[in-house]
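As given, the protein sequences belong to chains A and B, one line each in that order.
Using numbering that gives the first Met the number 0, the letters of the first sequence map in sequence onto residues 0 to 481.
Using numbering that gives the first Met the number 0, the letters of the second sequence map in sequence onto residues 0 to 481.
Among the hints, a few may not be true.
Note: identical chains are not told apart, hence a pair may lie in one copy or across any two.
[As the list claims (entries may be wrong)] Okay, derived cross-link-like pairs now, SDA-like style, lysine to any residue, Cα gap no bigger than 25 Å in a straight line:
hint, residue 1, residue 2
1, LYS145, ARG170
2, LYS413, GLU303
3, LYS123, GLU19
4, LYS413, PRO309
5, LYS413, ASP305
6, LYS413, GLN154
7, LYS413, ASP382
8, LYS42, GLY67
9, LYS406, PRO65
10, LYS406, ALA130
11, LYS174, VAL311
12, LYS137, PRO385
13, LYS413, PRO306
14, LYS413, ARG301
15, LYS174, ARG159
16, LYS413, ILE307
Hints listed in this document are in silico derivations from the structure and should not be mistaken for laboratory results.
All of these numbers come straight from a predicted model, not from anything done at the bench.
2 protein chains.
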Amino acid sequence: MVATLAGQQPVGDTADVGGERIEAEVVVVGAGLAGLSAARELKKRGVDVVVVEARDRVGGRTLNEPIGNGEIVELGGQWVGPTQDHALALIAELGLETFPTWNTGRNIFERNGKVRAYEGTIPKANPVSLAEVGVALKRLNGMAAKVDVECPWAQTELARWDAETFATWMRRNTKTATARDLLRLAIEAVWAAEPEDVSLLHALFYIRSAGSLELLLDTEGGAQEERVIGGTWLISDRMAAELGDAVHLGFPVRRIRWQQMPGEAGERPVEIGPHPVAVEADGLTVSARAAVVALPPAVAGRLEYDPIMPAVRDGLTQRMVQGTVVKCHAVYDEPFWRSEGLSGQATSADGPVSVTFDNSPPGGSPGVLLAFLEGNAARRATDLPPEDRRRIVLDCLTRLFGPKAAKPERFVDKTWATDEFARGCYGGYLPTGAWLMYGEALRAPVGPIHWAGTETATGWAGYMDGAISSGIRAAREITAGT
Amino acid sequence: MVATLAGQQPVGDTADVGGERIEAEVVVVGAGLAGLSAARELKKRGVDVVVVEARDRVGGRTLNEPIGNGEIVELGGQWVGPTQDHALALIAELGLETFPTWNTGRNIFERNGKVRAYEGTIPKANPVSLAEVGVALKRLNGMAAKVDVECPWAQTELARWDAETFATWMRRNTKTATARDLLRLAIEAVWAAEPEDVSLLHALFYIRSAGSLELLLDTEGGAQEERVIGGTWLISDRMAAELGDAVHLGFPVRRIRWQQMPGEAGERPVEIGPHPVAVEADGLTVSARAAVVALPPAVAGRLEYDPIMPAVRDGLTQRMVQGTVVKCHAVYDEPFWRSEGLSGQATSADGPVSVTFDNSPPGGSPGVLLAFLEGNAARRATDLPPEDRRRIVLDCLTRLFGPKAAKPERFVDKTWATDEFARGCYGGYLPTGAWLMYGEALRAPVGPIHWAGTETATGWAGYMDGAISSGIRAAREITAGT
Numbered sequence: 000m001v002a003t004l005a006g007q008q009p010v011g012d013t014a015d016v017g018g019e020r021i022e023a024e025v026v027v028v029g030a031g032l033a034g035l036s037a038a039r040e041l042k043k044r045g046v047d048v049v050v051v052e053a054r055d056r057v058g059g060r061t062l063n064e065p066i067g068n069g070e071i072v073e074l075g076g077q078w079v080g081p082t083q084d085h086a087l088a089l090i091a092e093l094g095l096e097t098f099p100t101w102n103t104g105r106n107i108f109e110r111n112g113k114v115r116a117y118e119g120t121i122p123k124a125n126p127v128s129l130a131e132v133g134v135a136l137k138r139l140n141g142m143a144a145k146v147d148v149e150c151p152w153a154q155t156e157l158a159r160w161d162a163e164t165f166a167t168w169m170r171r172n173t174k175t176a177t178a179r180d181l182l183r184l185a186i187e188a189v190w191a192a193e194p195e196d197v198s199l200l201h202a203l204f205y206i207r208s209a210g211s212l213e214l215l216l217d218t219e220g221g222a223q224e225e226r227v228i229g230g231t232w233l234i235s236d237r238m239a240a241e242l243g244d245a246v247h248l249g250f251p252v253r254r255i256r257w258q259q260m261p262g263e264a265g266e267r268p269v270e271i272g273p274h275p276v277a278v279e280a281d282g283l284t285v286s287a288r289a290a291v292v293a294l295p296p297a298v299a300g301r302l303e304y305d306p307i308m309p310a311v312r313d314g315l316t317q318r319m320v321q322g323t324v325v326k327c328h329a330v331y332d333e334p335f336w337r338s339e340g341l342s343g344q345a346t347s348a349d350g351p352v353s354v355t356f357d358n359s360p361p362g363g364s365p366g367v368l369l370a371f372l373e374g375n376a377a378r379r380a381t382d383l384p385p386e387d388r389r390r391i392v393l394d395c396l397t398r399l400f401g402p403k404a405a406k407p408e409r410f411v412d413k414t415w416a417t418d419e420f421a422r423g424c425y426g427g428y429l430p431t432g433a434w435l436m437y438g439e440a441l442r443a444p445v446g447p448i449h450w451a452g453t454e455t456a457t458g459w460a461g462y463m464d465g466a467i468s469s470g471i472r473a474a475r476e477i478t479a480g481t
Numbered sequence: 000m001v002a003t004l005a006g007q008q009p010v011g012d013t014a015d016v017g018g019e020r021i022e023a024e025v026v027v028v029g030a031g032l033a034g035l036s037a038a039r040e041l042k043k044r045g046v047d048v049v050v051v052e053a054r055d056r057v058g059g060r061t062l063n064e065p066i067g068n069g070e071i072v073e074l075g076g077q078w079v080g081p082t083q084d085h086a087l088a089l090i091a092e093l094g095l096e097t098f099p100t101w102n103t104g105r106n107i108f109e110r111n112g113k114v115r116a117y118e119g120t121i122p123k124a125n126p127v128s129l130a131e132v133g134v135a136l137k138r139l140n141g142m143a144a145k146v147d148v149e150c151p152w153a154q155t156e157l158a159r160w161d162a163e164t165f166a167t168w169m170r171r172n173t174k175t176a177t178a179r180d181l182l183r184l185a186i187e188a189v190w191a192a193e194p195e196d197v198s199l200l201h202a203l204f205y206i207r208s209a210g211s212l213e214l215l216l217d218t219e220g221g222a223q224e225e226r227v228i229g230g231t232w233l234i235s236d237r238m239a240a241e242l243g244d245a246v247h248l249g250f251p252v253r254r255i256r257w258q259q260m261p262g263e264a265g266e267r268p269v270e271i272g273p274h275p276v277a278v279e280a281d282g283l284t285v286s287a288r289a290a291v292v293a294l295p296p297a298v299a300g301r302l303e304y305d306p307i308m309p310a311v312r313d314g315l316t317q318r319m320v321q322g323t324v325v326k327c328h329a330v331y332d333e334p335f336w337r338s339e340g341l342s343g344q345a346t347s348a349d350g351p352v353s354v355t356f357d358n359s360p361p362g363g364s365p366g367v368l369l370a371f372l373e374g375n376a377a378r379r380a381t382d383l384p385p386e387d388r389r390r391i392v393l394d395c396l397t398r399l400f401g402p403k404a405a406k407p408e409r410f411v412d413k414t415w416a417t418d419e420f421a422r423g424c425y426g427g428y429l430p431t432g433a434w435l436m437y438g439e440a441l442r443a444p445v446g447p448i449h450w451a452g453t454e455t456a457t458g459w460a461g462y463m464d465g466a467i468s469s470g471i472r473a474a475r476e477i478t479a480g481t
């Protein structure tokens, strides 16, 4: 970093806004996994850092909700799995432990009003459709292998994959309705969006960044393999505890004032003044040498920047849409499905619930069924009154798991699309045409502003692992020159 | 309207923000053509209205720029044409006059480094390609005829058109590269976006809302037929003059606080209190019975709403992207191309300029060439230093019109993508998957908040005509019940 603008006044010293004023070497916007990881890495490197968070809590898109007797359910990101090395290492460093996702018993598949249980990972469906899906997955993995996760925007040879939706690819590459339903469920499960919404190239980038489609979809051996005892929110909670009073909660950032850095335009870098960036929240202004904005791109794009961002960056944030998910938990006395030989994992092509899991605490009590509404089903359900949303989810769970599912002790859900500081979950995705023209702005610093957040990751983009690595990467960017 | 919330305090009376406080029956956000038309219609109906505008000028995406000797160029929307009845009527009512766009002489088409002049409306290209384009236009018009502009979101039978981009449709429906280049130029000219960006259904909706693709593309007999003497910005200027001090300039709205209206949920409408909505700008708060938000959806989505918008509305504004255009004017002593038998209209498949027009004032002096950079070319050019942008545009104009084009007296351009209150031009478009699931939120009121803006129009959406009719429609919505 380290450069200043001759002739320009440091913006942090000229801002005329009310509230408390703080100075720091680096200011981090957002106390989710990405922001806290950035702050932790900066602190490790001896940098004086301040974190500004809009919510009255840390954790971003991870969140614990108590359900009595000291147990919790996780309303946001919850799983870790093999090759998610950043997440696994951080969990261990913080003294947390994992336990395996419940994965014993038959799974359930519902389609056209028929509910069937099956052993293993392959739903009971006609062999032709299953073969089609197998071929499709293989093709997708093969195409994904051609994506350079560091810079897909430079791969102009991939333009055709960015010109079409996953839906049109799927239509060309499958013949049976069952195969299309299964692929649709896979898309919904991974992106909380529909095949019509997502650029084929986006899907391929994402698959590549995780390793394979199977790694994304699988429980054992995949991204849903393990859970954190006490809930993933503890990861953020413990990082925040380390950072102490550097973390400022309840300050929604509205504006970031910043200075162009001449060094960027190829000129010789100039010494940066004390305050080339000022982050202005309701009631708090933090002036610093550099900022890390660790927010979902759709949220980052809603801040005011003075001066305005370049067209490539504003265009990216106009285009990157947050997925739409409602995460529901039905809490029962006990996990009754286990004694019936069921895993609690179900997939429904009929919906509105698309996927379920046994989300009971490690001790197996109480019994918790996790039900996801994803993509269009989630959009519709989000705008329903809570009691109607509860009813349609429990109706669906009752079809899948029988009458015992109809009467939970407790029902807890979270509509992420109407959380103003998330604007949707699991993460951001790009529609067609955007990766090649706007992707470069995902993590290219703009003046003293650096970008973190799982959407900016090259490995496990969209996952907690990607959030953590993105924060570390942003911290290293900032300290690289010092 | 007229209903209040028993037990809830009117939000306008509880806001605790600084600055001036005003009360009105209706508050309009945005003093572009849509907002001013809404305010004018409300005033006509005896409603006490206040307009709040972020910029220090009215006119939104229309803007005059003086070029000396009392002449101007228009940096934003500028044309009107047949069937644009709202625009033509308003121009006449305000005492303004139109004149025909210069359309005499041969046109120019550039492709693969070859510049050719041609008579009439059909570029010199091989007959097979031209036939392909003709068939494609016919098919597009035919498909567009099936779109119900009032509610495409209800037409689930159109789902396949919303599942694919214009690019994949184009690839299936043309065989020659020339035909694809010509269709790409048409898409760029109409949406300031690329075929890869736009949902096929969006293109069809838009064609239908104008009438036909030819009406969109043509000069004589089409949307580029006529210009306004003195510039289209005068339309807004004269409306603002009628409204007098009801128009408040220089107040960027940051937040809208509003109350749910019980009548919406099917309950019996309750009498609305004096202030179910409060519009909070820097330094000004307006409390009112209803609000009209007359902003591009991408800009409207950047305001804070308290409470947050429903998922369908926030999701729409996350998805609706502003087109990307740089509008350039090169001003010469005289329109030298006219004496060479040229119309000043050129189309280049090589770019970066995609389309040019003779934009000289009615008297023909000085000579003005208008050059559009659209879609990806505009995105790239917007982030260039101004002198580089000028150079690449003049290089292109010199290829098209010869060495005299290289040295204009004056060069004036406007990068709409980095105008923070527009975020791009000409207007908003939807990527795939959005029309069916989110389109209904385009103009459905949310509580006391009504929506205007050209993107909400059913006729000539995206044009000045659509902006004007949308304002009138919003005003009528509000006064319908009174």
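Cross-check of the supplied hints:
1. LYS145 x ARG170: both (22 Å within a copy, 23 Å between copies)
2. LYS413 x GLU303: For LYS413 and GLU303, the Cα distance is within 25 Å only across copies (21 Å; inside one copy 28 Å).
3. LYS123 x GLU19: neither (61 Å within a copy, 67 Å between copies)
4. LYS413 x PRO309: between (35 Å within a copy, 14 Å between copies)
5. LYS413 x ASP305: So LYS413 and ASP305 pass the 25 Å test across copies only (19 Å; inside, 34 Å).
6. LYS413 x GLN154: neither (38 Å within a copy, 30 Å between copies)
7. LYS413 x ASP382: Intra 12 Å, inter 40 Å, cutoff 25 Å: intra-copy only.
8. LYS42 x GLY67: So LYS42 and GLY67 fail the 25 Å test inside a copy (36 Å) and across (58 Å) alike.
9. LYS406 x PRO65: within (19 Å within a copy, 71 Å between copies)
10. LYS406 x ALA130: neither (38 Å within a copy, 65 Å between copies)
11. LYS174 x VAL311: Answer is neither; intra-copy 39 Å and inter-copy 32 Å both fail.
12. LYS137 x PRO385: neither (41 Å within a copy, 48 Å between copies)
13. LYS413 x PRO306: between (36 Å within a copy, 16 Å between copies)
14. LYS413 x ARG301: both (22 Å within a copy, 23 Å between copies)
15. LYS174 x ARG159: both (22 Å within a copy, 16 Å between copies)
16. LYS413 x ILE307: between (33 Å within a copy, 15 Å between copies)
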